[in-house]
Each structure stands twice: as C-alpha cells, then as structure tokens.
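Trainee: Spelled out, the chains give:
2 protein chains.
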Amino acid sequence: MDEFELIDRFFRPLCTDVAENDIGIGDDASVLSVPSGVRIVVTTDTHVESVHFPNGAEPYDLGFRSCTTSLSDLAAMGATARWASLALTMPDPTSAWLEGFAAGAAAALKLCSASLVGGDTTRGPLTITWNIIGVVPVGETLLRSGATPGDGIYVSGTLGSAAAALALSLIGSGDRTEDEGALRDRYWSPRPRFELSRRLRPLASACIDISDGLIADLTHLARSSQCGAEVDCALVPMARELIALAGAERGLQLALGGGDDYELCFTVPPEHESNLSDISAKAEVAVTRIGRMVEELGVRVIDDCDREIMIDVAGYRHFE
Amino acid sequence: MDEFELIDRFFRPLCTDVAENDIGIGDDASVLSVPSGVRIVVTTDTHVESVHFPNGAEPYDLGFRSCTTSLSDLAAMGATARWASLALTMPDPTSAWLEGFAAGAAAALKLCSASLVGGDTTRGPLTITWNIIGVVPVGETLLRSGATPGDGIYVSGTLGSAAAALALSLIGSGDRTEDEGALRDRYWSPRPRFELSRRLRPLASACIDISDGLIADLTHLARSSQCGAEVDCALVPMARELIALAGAERGLQLALGGGDDYELCFTVPPEHESNLSDISAKAEVAVTRIGRMVEELGVRVIDDCDREIMIDVAGYRHFE
Chain A
1 MDEFELIDRF FRPLCTDVAE NDIGIGDDAS VLSVPSGVRI VVTTDTHVES VHFPNGAEPY
61 DLGFRSCTTS LSDLAAMGAT ARWASLALTM PDPTSAWLEG FAAGAAAALK LCSASLVGGD
121 TTRGPLTITW NIIGVVPVGE TLLRSGATPG DGIYVSGTLG SAAAALALSL IGSGDRTEDE
181 GALRDRYWSP RPRFELSRRL RPLASACIDI SDGLIADLTH LARSSQCGAE VDCALVPMAR
241 ELIALAGAER GLQLALGGGD DYELCFTVPP EHESNLSDIS AKAEVAVTRI GRMVEELGVR
301 VIDDCDREIM IDVAGYRHFE
Chain B
1001 MDEFELIDRF FRPLCTDVAE NDIGIGDDAS VLSVPSGVRI VVTTDTHVES VHFPNGAEPY
1061 DLGFRSCTTS LSDLAAMGAT ARWASLALTM PDPTSAWLEG FAAGAAAALK LCSASLVGGD
1121 TTRGPLTITW NIIGVVPVGE TLLRSGATPG DGIYVSGTLG SAAAALALSL IGSGDRTEDE
1181 GALRDRYWSP RPRFELSRRL RPLASACIDI SDGLIADLTH LARSSQCGAE VDCALVPMAR
1241 ELIALAGAER GLQLALGGGD DYELCFTVPP EHESNLSDIS AKAEVAVTRI GRMVEELGVR
1301 VIDDCDREIM IDVAGYRHFE
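In order, the protein sequence lines correspond to chains A and B.
Using my numbering, the letters of the first sequence correspond one by one to residues 1 to 320.
Using my numbering, the letters of the second sequence correspond one by one to residues 1001 to 1320.
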C-alpha cells in the first residue's frame, strides 16, 4: 500500500460536505469557498509520540483526541469548524492502526460537521499535526483580551479529571473500575464546546480553552486583557470520580493546575451573567462561576478563609 | 528558553502584514479576513529529518526550502499565498539553529509577501509541517483536471538539476565548483512560480508543480484530465550545469524522472499558445513547449526517431 492508496482507502472518506465547485483532497491544494460576513479562524497543533501521548496508545483514541483538542481552540474563539488538514507521519502503519485512527478522526470531525480537505502522509516517527479552519461572523470572535475588572469568571463542565487520568496512570488500556474509566474517558475524549461558545459570542468578554491548566490559561487570558483574576477554590467544579480517586485536596490541585480538560474558561460582564443559566441549559453543559476579574495583575486563588493558596503546576511548556 | 520565549524571539517577527482587526500569533487561533470574490486555497506539507532531508542540513536551507515547496503548491493552483502556519517539532534546538531556520522561512515568505500567523512548537524528532493558505479569484483556479487533447504541454525553467544535486551527493555543505553550487542551489532554493501562474490563470487549461518528477506529475495531470500526454524528450529543458556534471543521457533521465524541481508543468489550448512568449518575458522565467496532450491515456516519451523511451523513475511514494 503506497501513500496514494493509503489516502484513498482511509482518509478520502473523511472528505465530506465540500461545497459544489470546491476541491477537497486530490489536487495540489484544496480550494474552499468562504461565506461572506465571516472571518476564517485557523489553528495548528502537533502531537508527538512519547511526548504528547504514550507509545502504543489506541489508534482510535489518538485520532479522536488529537483532532478534538484542535477543534477546542476554534470553540474557544467562538468559531464553527469547517475544514481540517491532517499531516500524519508514521513509522510503519498497519491497516488496523490506520482504520482505528481514521475512525477516531472521523468521529471527531463529525461532532462539528467538519470535513477533511487535505494533508500529507509521510514516513517517520509518529507525529500528528492538525490544521483546522473555522469561520466566525465578523465582530463576534471571542478573544482572550476582552475581560475587564468586575467580570465574572466561568468554566464549563468539571476540571481535573483528565489530569488525574494521567497522574493516576489510567490512560493506557486495561481493566478499569467505572470511576477509573470515567477519568480515562475525560483524557481521551475531550468535547469541544462549540454549542456553548456559539451562544456565548454576544455575551462573553473573553474566552480561552483549558489545555495547559486552569491557572496557566486564566493567566494567559488575564495578561491579554491587562487585568488580574481572583479564583475562589471552593467553587471550582470537580467530578465525583476525581474526588473519589484522587481525594479532595489532590483533586483540587489537579483541577487548578492540571491541563488536558479542554473546557472553556470565559469571562462575562455583570449585566449578562443572568443569561448564563439559560445558555447552559440550551448548550447542555454546566457552567460554574469560579471568581471575578480584578484590577491587580496576576491570578490569585483564595481558600474558604480568604487566604491565598499556592498552585504547584504552572502549565506544560516545551523546551524548558 | 521555553516555547513562549522561543516563539516571541524567533517566529513572531515573521508575523507581518496582518490586516487591522485580524489576529496572527497570540490567541487560541488566528483570525483572518478573506477578501470577497476569492476562494481560499490550502496546502499542507511535512518534512521529516533523514526522510525528506539529511541529518545536519543547514537550518537556513531547511527553513527556506520547506516553506517554498509548500508555496509552490499554491502557485500551481494560480493562488496568491497569504497566511502560513508552522508546526515545528525539534529535539533540542540551539539559538543558532532557530535563528537560521527562521531567517530561511522569513526569506521564503517574503518572496510572496505572506505572513506567519500561527503554528505549534513541540519537542520530538525534527519534523517540519507547513500549512499555507492562499487566495484565488473565484473561477480562476488552475486545476490538474482541465487539459484536453491537442493542448500544448509546457514547463517553466529547467528540469533535473535538483534531482542531480541529490544523485551526485551535492546537497550537503562543503566546497563546491560553480557548476556544483548551481545544482545545489536548485535543490535548496526552489522558486515558487507565482508571477507566472498568476498570468497563466486566463490561458492555461491545467497546471501542476513538479515535485515528484515530470513524468510522475504529468501522469497525475493527465489522469485528472482523463486524457494522455506525449512528451518529446529532445525538447525537455535542462540546465548547462546538469549536462556538464551528469552527462546528457543521465541528465535527461533526471529531468524526466527526478523530482524536487518545483517548476510548473501546464497545458495551454492551441488558441492561447501564441501568448506564452509575452507571459514568459513578463514573468521573467523561460517556458518551454515539451509536447501535447493526446486522447490515448498514459504518458509517452518520444525520442528523436519517434520511438517511445522508458523512464526508470516513477516519482517518490511513501510506504511502498
């Protein structure tokens, strides 16, 4: 099987829903019609074996997670995902591996009706790069930079479960209790919050997705917005399974400092906060107020007794 | 130096010319305004150390060549390059390496006034993926599929020099004669033919860039156009240095079968052929008629005595 057959067999089926006269896979490049009144939103993410995921990871999981984590960047901007390109470098793939990977990628793209439109398949150490293009109506992009002091800080879903799956060595295959399986799923199956972010566009002042960890990503948001943030740690939402398996204290550290949740962290001016319960219900995802933006720069985390507590994880950085 | 500092120091300077209110590097994704009346054209290419380029290659050369070969895909579509994303996976880069690579990439992007707008830097085996977005006026895209029997087949520039640099082990550093240096340059410094392809948009019936080799890529074009091609090998343009160093016979094999030239191969209906000398002069690149499209499927190469000759290279394919 050479690269042309490989593309035809496993990846061309993911090229769906390309507009008439547009070109997906098959020429020197893809050609795509952009509707009027939108800007395009572009994100690029690379996943390297044994750096971003363990050797021998399940191909379906890899296909799904590598794609959804990129999709999450588009959700964080309020964008709708449209077109994906996949650069896949592999040592010596089997048909079973390719089938699993492609099925995972297809499931991820289907979540948001996006189409694979191109990419490159090459031989080498296993490395996956997604480049995904979305669209957002002009003037409605959710940026990191729009928060002002007094805005409420919110997160979607619960935090810490994905980091706990990593910390408790649950991401490999094998027998799992129900609670362990729930944490494992949170690591491998992040859900980009498109429905929520679309509804937040007219209300939220700033937004970011939590990939590096709540405090690290909120720090990015606060810095871009040139203000600070105060988080009440008692309000940070955690899954029951996280508390059950990691304990309350470690669970909180993971929820504040651990990455990989791909939930949204966003800020909402006081006059719009009353709309959030309705939006949460319509988007079918919990949103929780965890603090507020303040003038003083930096991110502070406050305990029950209003004392500042220290977080021991500051987000993963390459090349440190 | 962590990844944020690395991006700030070496790659943010390549983010130039982003329109007002657009966002390049710095949020979860880039946000870009697409002019009306165009479609976007997207290409993705990966370069893996010791597969696509030798260990220890000069970083400037790598930055320039990895980017220009992707740009060439856009030129082959008649598109204008606008925005580039770079996914760069590196084992343990030094400042000198990063500086060289970024300078090469900057020079490549400057050729077509494109801007770096995003990407990802990760640790791992050296792998470079460019994703580049261009624009082309609606209805003016140059496809592989528009050729019909009777169209003339043309190539830009000369062929075989880049493949000869590889075959003669000239792509490494070291002392070179002037002729050797000329071949080496053709490998490392492909010139995407934007000016030519822009002028070909109203005339050419099909177009492809020659990355896999003239015959391999012309086969793609002919197959997409559902017709055949006949190439007169006496007409295939070769550089003086190629003949001098490889000899006429081997030179021809390299010109027909070797890849990496990134010249354009395009077809022009008879009624437009008389315009080509003017276009060639304005675009400041030679174009040479090497044959014509025919009804019979497949690509035939004919020698001086009208006998079909065999080509022993059919284009590089991964995973064979």
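Warning: the hint list may mix true and false statements.
Unchecked claim - Here are the in silico distance ranges between beta carbons for each label pair:
#1 B/Ser1189 x A/Gly150: 49 to 59 Å
#2 A/Asp92 x B/Ser1189: 26 to 36 Å
#3 B/Pro1137 x A/Leu297: 41 to 51 Å
#4 A/Arg300 x B/Asp1008: 21 to 31 Å
Stated by the list, open to error - So these bits of chain B aren't anywhere near chain A, every CB distance computed over 10 Å:
#5 Trp1083
#6 Asp1120
#7 Gly1134
#8 Thr1288
Hints are computed from structural coordinates only; laboratory data are not their basis.
Just so it is clear, CB atoms sit at the ideal spot from N, CA and C, and this is done for glycine as well.
Trainee: Could you run down the list of hints and mark each one as holding or not?
Mentor: Right, here's what the structure says about each hint:
{"no.": "1", "hint": "B/Ser1189 x A/Gly150: 49 to 59 Å", "in the structure": "holds, 55 Å"}
{"no.": "2", "hint": "A/Asp92 x B/Ser1189: 26 to 36 Å", "in the structure": "holds, 33 Å"}
{"no.": "3", "hint": "B/Pro1137 x A/Leu297: 41 to 51 Å", "in the structure": "holds, 47 Å"}
{"no.": "4", "hint": "A/Arg300 x B/Asp1008: 21 to 31 Å", "in the structure": "holds, 26 Å"}
{"no.": "5", "hint": "Trp1083", "in the structure": "violated, 7 Å"}
{"no.": "6", "hint": "Asp1120", "in the structure": "violated, 5 Å"}
{"no.": "7", "hint": "Gly1134", "in the structure": "violated, 8 Å"}
{"no.": "8", "hint": "Thr1288", "in the structure": "holds, 21 Å"}
In this structure, the hints that do not hold are numbers 5, 6, 7, in rising order.
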